[in-house]
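Please model the entire structure based on the sequences and the hints provided.
The letter at position 39 of the sequence shown is residue 75 when you use the working numbering, and the numbering goes up by one with no holes.
Simulated pairs of lysine to aspartate or glutamate, DMTMM-like, Cα-Cα distance not exceeding 25 Å:
| hint | residue 1 | residue 2 |
| --- | --- | --- |
| 1 | 96 | 227 |
| 2 | 169 | 94 |
| 3 | 96 | 173 |
Have a look at the derived ranges for each label pair, beta carbon to beta carbon:
| hint | residue 1 | residue 2 | range |
| --- | --- | --- | --- |
| 4 | 193 | 263 | 27 to 37 Å |
| 5 | 157 | 260 | 12 to 22 Å |
| 6 | 170 | 403 | 48 to 58 Å |
| 7 | 263 | 394 | 38 to 48 Å |
| 8 | 403 | 372 | 23 to 33 Å |
| 9 | 394 | 157 | 44 to 54 Å |
| 10 | 170 | 81 | 30 to 40 Å |
| 11 | 394 | 182 | 45 to 55 Å |
| 12 | 331 | 394 | 35 to 45 Å |
| 13 | 387 | 324 | 27 to 37 Å |
No lab work stands behind these hints, which were simulated from the structure alone. Backbone N, C-alpha and C define an ideal beta-carbon position, used for all residues, glycine too.
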Amino acid sequence: MAGTGALGALAGCLSGLSSDGATATEPDNESDADEDGKPLTDYEYTAPPQIVDLAEQDHKSTLRTVSARHQLVSDEAKGGPVELPEVWAWQADDLAPSVPGPIYRMQEGETFELTFENDHGYPHTVHVHAVGKSWKDDGAPVTTQTQINPGNSKTYVLEGDVPGTHFYHCHVQTHNHLDMGMYGIIRVDPEGYEAPDREYFLTLREWDSRLHEQTAGGDAEYDVSDRRPNFYTVNGRSAPTTFHPELGSPLIMSEGETVRIHVVNAGYETHAFHTHGHRFTVVEEEGSPIPEAARYEQDVVPIAPAERLTLEFEADADPGLYPVHCHKVDHVTTDGRYPGGMATAIVYEEAMDTEEFADVMDDAGYEG
Numbered sequence: 037m038a039g040t041g042a043l044g045a046l047a048g049c050l051s052g053l054s055s056d057g058a059t060a061t062e063p064d065n066e067s068d069a070d071e072d073g074k075p076l077t078d079y080e081y082t083a084p085p086q087i088v089d090l091a092e093q094d095h096k097s098t099l100r101t102v103s104a105r106h107q108l109v110s111d112e113a114k115g116g117p118v119e120l121p122e123v124w125a126w127q128a129d130d131l132a133p134s135v136p137g138p139i140y141r142m143q144e145g146e147t148f149e150l151t152f153e154n155d156h157g158y159p160h161t162v163h164v165h166a167v168g169k170s171w172k173d174d175g176a177p178v179t180t181q182t183q184i185n186p187g188n189s190k191t192y193v194l195e196g197d198v199p200g201t202h203f204y205h206c207h208v209q210t211h212n213h214l215d216m217g218m219y220g221i222i223r224v225d226p227e228g229y230e231a232p233d234r235e236y237f238l239t240l241r242e243w244d245s246r247l248h249e250q251t252a253g254g255d256a257e258y259d260v261s262d263r264r265p266n267f268y269t270v271n272g273r274s275a276p277t278t279f280h281p282e283l284g285s286p287l288i289m290s291e292g293e294t295v296r297i298h299v300v301n302a303g304y305e306t307h308a309f310h311t312h313g314h315r316f317t318v319v320e321e322e323g324s325p326i327p328e329a330a331r332y333e334q335d336v337v338p339i340a341p342a343e344r345l346t347l348e349f350e351a352d353a354d355p356g357l358y359p360v361h362c363h364k365v366d367h368v369t370t371d372g373r374y375p376g377g378m379a380t381a382i383v384y385e386e387a388m389d390t391e392e393f394a395d396v397m398d399d400a401g402y403e404g
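Below, the structure is given as structure tokens:
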């Protein structure tokens, strides 16, 4: 939920998308089109990631890689559209392709068979952090000497032996394939897991759009040794689309509820996760529970590449709208435009009838 003047009204840490009387820098999408002004690709757009309850489908899933277009900021949102002309999205079973990929959820002690069918034009693998698997199912061709070439498939057998929130991604030419969007979350709930009142999964990532323009056939030149991110996302979206209840990732809650957030850093830079109006405790790190004696309240926590943190707090603030964002504040930009990028919000249901909420929704392009 972000918009002209709206984020600044929420808590004072962020100003509007463009200040009154100031000159705003608009995202430059001209390189996403060819010389005739036509889009570089005509792929279908990605959808938001979905949770796949593996118990509901006999602990089996088929995963594919699909070339797609990906909107960071939607057409209807303030400052939109902003998009990547080509990403490589994961597609699970009959779900739509998404970036991030589907959130697989299973219980401790269960076994998961993940079949990757490669009908994409490049070789790929699936590598899953933490959970048990055989050497040949590790998905790292530098050691297994195994990759899934176009037209081939492989079934990975994964054990739910490490409870927690885990990261999966392609491990072929990882510096590019992960950057193209091939990443997601697997959640293994511990035995006897007690769900909170509200639970959210957030994946943080930064992007250098030149890679996507070059891959789509544009005239951009990209070199990983000169990687310069210009887009920053939460669950694949940039503000103000992050605030859209259907396309984005607002943290909606009611006063008095317990909230649990699983945060994954799928990028290559460290991010500083910050909440306004609420102090959280880190209760899990990379699948390991934090002992009670080691827990303490905080409102900003660094999260390194591939790190996973589970945060918990009570919705005990004055019911309203509060920003949640990376406190490396240049990461709260979209191609240099502030605010944007890696920002979303805590939203109390009790505040949804306010003018401020309506303004935020208008900027996010949400008419519900």
